[in-house]
Amino acid sequence: MKMLKVTTMLLVAGILTLFSYANLRVRSEGEKQKSVELTSFLLTGNLDSVALYTLEKKIQSTKGVRSCSINARGKAACVIYYKDMISESSVASLLTEGSISKVTKKDLSATRGGCPVHQLGASFNRFMTLLDVRTQ
Amino acid sequence: MKKNVLRSISAMLMISVCTAMIGCSDDDEKKEETPTLYTRLGGIDAISTVVDDFLTNVVADTEINDKFEATVADSYRTQLLRANLIDQICAGAGGPCSYKGKSMKEAHAGMGISTVEFNALVGDLVKALDKNSVPTAEKNELLAVLGPMKADIVED
Numbered sequence: 001m002k003m004l005k006v007t008t009m010l011l012v013a014g015i016l017t018l019f020s021y022a023n024l025r026v027r028s029e030g031e032k033q034k035s036v037e038l039t040s041f042l043l044t045g046n047l048d049s050v051a052l053y054t055l056e057k058k059i060q061s062t063k064g065v066r067s068c069s070i071n072a073r074g075k076a077a078c079v080i081y082y083k084d085m086i087s088e089s090s091v092a093s094l095l096t097e098g099s100i101s102k103v104t105k106k107d108l109s110a111t112r113g114g115c116p117v118h119q120l121g122a123s124f125n126r127f128m129t130l131l132d133v134r135t136q
Numbered sequence: 001m002k003k004n005v006l007r008s009i010s011a012m013l014m015i016s017v018c019t020a021m022i023g024c025s026d027d028d029e030k031k032e033e034t035p036t037l038y039t040r041l042g043g044i045d046a047i048s049t050v051v052d053d054f055l056t057n058v059v060a061d062t063e064i065n066d067k068f069e070a071t072v073a074d075s076y077r078t079q080l081l082r083a084n085l086i087d088q089i090c091a092g093a094g095g096p097c098s099y100k101g102k103s104m105k106e107a108h109a110g111m112g113i114s115t116v117e118f119n120a121l122v123g124d125l126v127k128a129l130d131k132n133s134v135p136t137a138e139k140n141e142l143l144a145v146l147g148p149m150k151a152d153i154v155e156d
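As they're listed, the protein sequences go chains E and L. Mind the numbering: the first sequence is residues 1 to 136 in our numbering, read in order. Mind the numbering: the second sequence is residues 1 to 156 in our numbering, read in order.
Chain E with its partners taken away, still in its complex shape (with noise of 0.2 Å):
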């Protein structure tokens, strides 16, 4: 009974101090920006150099899209947007132009390539942001 007592007094005390520290750690500049969704498309069908930047900056100044880029072989596009402004399904259908005849998101894979250091760190990031009423 005593042993039960200690152990979720330790419990308890842990989870206080998780949650002090989530909340009262001091975030950087870059963690106090606004969360952004990044999405990457494949695309096919074929534009011209101008059309593709035109297309890129049309995207560029939709509300709630923070940055568009297609490459300049008109093959993969990326859009870092907010998504309480915008879905992706709109930003999907909005590459969908001109001589673009499909848009696919591209199926990026968890284990392929990547900053490995980053791992660990985003676990715990993750746990942090969870507990951090600030974020929320």
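Take these hints with a grain of salt, some might be off.
Stated by the list, open to error - DEER-style ranges, computed between Cβ atoms:
no.: 1; chain 1: L; residue 1: Ser98; chain 2: E; residue 2: Gly64; range: 21 to 31 Å
no.: 2; chain 1: L; residue 1: Gly123; chain 2: E; residue 2: Lys83; range: 27 to 37 Å
no.: 3; chain 1: E; residue 1: Lys34; chain 2: L; residue 2: Thr115; range: 31 to 41 Å
no.: 4; chain 1: E; residue 1: Asp48; chain 2: L; residue 2: Val122; range: 22 to 32 Å
no.: 5; chain 1: L; residue 1: Thr36; chain 2: E; residue 2: Tyr21; range: 29 to 39 Å
no.: 6; chain 1: E; residue 1: Phe19; chain 2: L; residue 2: Ser133; range: 37 to 47 Å
no.: 7; chain 1: E; residue 1: Lys83; chain 2: L; residue 2: Ala46; range: 14 to 24 Å
Hints were generated in silico from the structure; no laboratory data involved. Every residue, glycine too, gets a C-beta built ideally from N, C-alpha and C.
Take the given structure of chain E and dock chain L to it, following the hints.
This is chain L only, laid out in the frame that chain E set:
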């Protein structure tokens, strides 16, 4: 006697006031320092815009985007990368930021990044800076700050 003392005190006060005024004007001149690169770039909002453009350029760049796939496949890892990039550029430009990520050597160890890939990455950054009309002087100054990282990133 009293009058002489009063005159002396008044004279000393006048001299002190004049000295203070000269001293203050010297301080004003000293305070007109060149603004930091951070200020000239446009502050944190401008830097975060450049970083977002840089990230989309990189992820759309078929030459190097495979190096970033696992990171951008995960929303939280993307946020972390984005935050670290913003903080790194901000801190490097003399801004009020603290970079909390890994050192460049640690972060890129084992990734086998070549000079060609590094140059492609720099090209994507330059495109992002040009897209945001960053003046040439500030662009070169920023590239000079970030350039030395090549030695820690490339494993040719």
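Against the structure, the hints come out as follows:
1. Under the hint 21 to 31 Å, the C-beta atoms of Ser98 of chain L and Gly64 of chain E, about 30 Å apart, fit the expected range.
2. A hinted range of 27 to 37 Å for the beta carbons of Gly123 of chain L and Lys83 of chain E is consistent with their spacing of about 29 Å.
3. The hint said 31 to 41 Å for the Cβ distance between Lys34 of chain E and Thr115 of chain L, and at roughly 36 Å that hint holds.
4. The hint said 22 to 32 Å for the Cβ distance between Asp48 of chain E and Val122 of chain L, and at roughly 27 Å that hint holds.
5. In this structure the supplied range 29 to 39 Å holds for Thr36 of chain L paired with Tyr21 of chain E, their Cβ-Cβ distance being about 32 Å.
6. The supplied range of 37 to 47 Å is met by Phe19 of chain E and Ser133 of chain L, whose beta-carbon atoms lie about 44 Å from each other.
7. Between Lys83 of chain E and Ala46 of chain L, the C-beta spacing of about 23 Å keeps the proposed range 14 to 24 Å intact.
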